[in-house]
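Quick mapping for you: the protein sequence lines, in order, are chains A and B. Residue numbering for the first sequence follows the numbering used here, beginning at 1 and increasing consecutively. Residue numbering for the second sequence follows the numbering used here, beginning at 272 and increasing consecutively.
Don't read these hints as lab results, they were simulated from the structure. Any given hint might turn out to be false.
Result set (SDA-like, lysine to any residue): computed pairs, CA atoms no more than 20 angstroms apart in a straight line [said to hold, decoys possible]:
1. 553/B to 129/A
2. 146/A to 349/B
3. 446/B to 406/B
4. 553/B to 151/A
Taking beta-carbon pairs under 10 angstroms as the criterion, some of the chain A residues facing chain B (in silico) [to be verified]:
5. 70
6. 108
7. 167
8. 264
A quick note: this is a predicted structure, and the numbers were derived from the prediction, not measured. The beta carbon of each residue, even a glycine, is placed where N, CA and C say it ideally should be.
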Amino acid sequence: MQEAALQMPDTVPGQRVISAHHLDLTFQTNDGPVHALKDVSLDVAKGEFVSFIGPSGCGKTTFLRCMADLEHPTGGEITINGVSPEEARRSRAYGYVFQAAGLYPWRTIGGNVRLPLEIMGYSKAEQVERVARVLELVELTGFENKFPWQLSGGMQQRASIARALAFDADILLMDEPFGALDEIVRDHLNEQLLKLWARTQKTIAFVTHSIPEAVYLSTKIVVMSPRPGRITDVIDSPLPPDRPLDIRDTPEFLEVAHRVREGLRAGHSDE
Amino acid sequence: MSRNTLPVLTVVLAIFLLWYIAAIFLNAAWAHDKATRSGEVLTAQTLVADTWSQEKPKLPAPHQVGTEIWKTTVEKKITSKRSLIYHSWVTLSATLLGFALGTGLGIALAVGIVYNRTMDMSVMPWVIASQTIPILAIAPMIIVVLNAVGISGLLPKAMISMYLSFFPVVVGMVKGLRSPDAMQLDQMRTWNASAAQMFWRLRLPSSMPFLFTSLKIAMAASLVGAIVGELPTGAVAGLGARLLAGSYYGQTIQIWSALIMAAALAAALVALIGFVQRMTLKRMGMA
């Protein structure tokens, strides 16, 4: 049963969920233009788990924000589910998990998860049903009536993931969601995230600083480098779908990690 | 609570001590005058006794003020024109109406400033300028102008209260409504929330701690406004009228009892807001 639950979602190569072509984004600052993204092209198929990794300023978060219509590219084109990011945002095509949990202190955990549902006009009965379901998904059942400050940082971040899952977005955009957590909590959440991904069949775009995290989670690893922000390598992971934590000691894993590290080093060679 | 009792009592005791000592020095001249005229010789003891019991002292002793307050509150019928409770109520009603108007105006202006770029660029300087004008200078004009258009009684005083109390509310609420960080606003955007939803579910709840802090200042300012509104108009009722009448006739004890009453009123009102604040923030899980 457990085996079946961990089946990797079927990726459908023909169906491009995220598609960027020659994307440019230049910020005009007082010190001259900053090329946050330059000539970035990427296709992500349905059901993939894509990690974006690179040093600060490589544009990985900017790229994610472009997908979410929170930044606007100055050149090139990007489509989400075949439409513009703005249309995708308006049709609530994605859930976005920020670096900080960002739970409202005046709302309970249940109230926080319910927030997007209220905004989107779900019926009361459906709100209750969905909140219960996603809290179960992130193993927070029973914490519905607790306030955020009563929960640990890891639990808060799980609640914020539940909130992003509560409505029917089939894309999950995650911006260093576990960056502020300690390594043990992080390992646990990574394991849970993989299970959740297998159960929900969502397409996940995941920004991270951590090489082991990227390799452990992803079906595709996008290595980026700064000045200008660009993609230096795209690695399709050869790792099997079923990934216990100790897969990180296998030669395959180390080989992928090595390739990511090489990619990051190449991006830094100009410094 | 009990941890604070001792320090507070110590301070109160020190104030009373200083007050009694000051009364001796300030009222001694009059006591000596009286003694010279009647040919008496003042011992230290009779001097002190006299300075603490004069009818129109420069500085009345605390117990004199206390007795006056007792006589004009407990021992007078509320309907009496000499009842301090009656006068307090007159001032309080103007204060509360002005506070309500000021809070409403303040919140409305803050919402405008946060949501409307034109207002953001234009309103704040005027709000600040309005507070640089001495209230004593425009209070009579407000009353005269409103009287000319047929508005008299409670409302003109309440307008002066409003004039003073809307300011802290505007400043606090602009800051409060802008307190959600970029991430929280982005998050609302990802849910395609409407401006109204963003206001009611994010900006307004976020601003609550700011609002209550502003309300405390606004309440105190509102009381000052109501008293000031009673001063230049020859009002016959209200704490301001008591202050004015007292100063006409040199009734220092009456002035001081009105002052103490005003201070007690302000303290009670601010404490009330503090209580509502604690209840609200506790219910919101923010306390």
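Each hint tested on the structure:
For the hint pairing residue 553/B with residue 129/A, the CA-to-CA distance comes to about 28 angstroms; that exceeds 20 angstroms, so the pair is violated. For the proposed pair residue 146/A and residue 349/B, the alpha carbon gap of about 50 angstroms is over 20 angstroms, so the pair is violated. Taken as a hint, the residue 446/B and residue 406/B pair is broken in the structure, with Cα atoms around 25 angstroms apart against an allowance of 20 angstroms. With a C-alpha separation of about 17 angstroms, the suggested pairing of residue 553/B with residue 151/A holds against the 20 angstroms cut-off.
At a threshold of 10 angstroms, the smallest CB-CB gap from residue 70/A to chain B is about 5 angstroms, leaving the interface hint in force. The restraint placing residue 108/A at the interface with chain B holds, with a minimum CB-CB distance near 7 angstroms, inside the 10 angstroms limit. Interface hint status for residue 167/A: upheld, as the beta-carbon distance to the closest one in chain B is roughly 8 angstroms, under 10 angstroms. The closest approach between the C-beta of residue 264/A and any C-beta of chain B is roughly 27 angstroms, which is over the 10 angstroms cut-off, so the hint fails.
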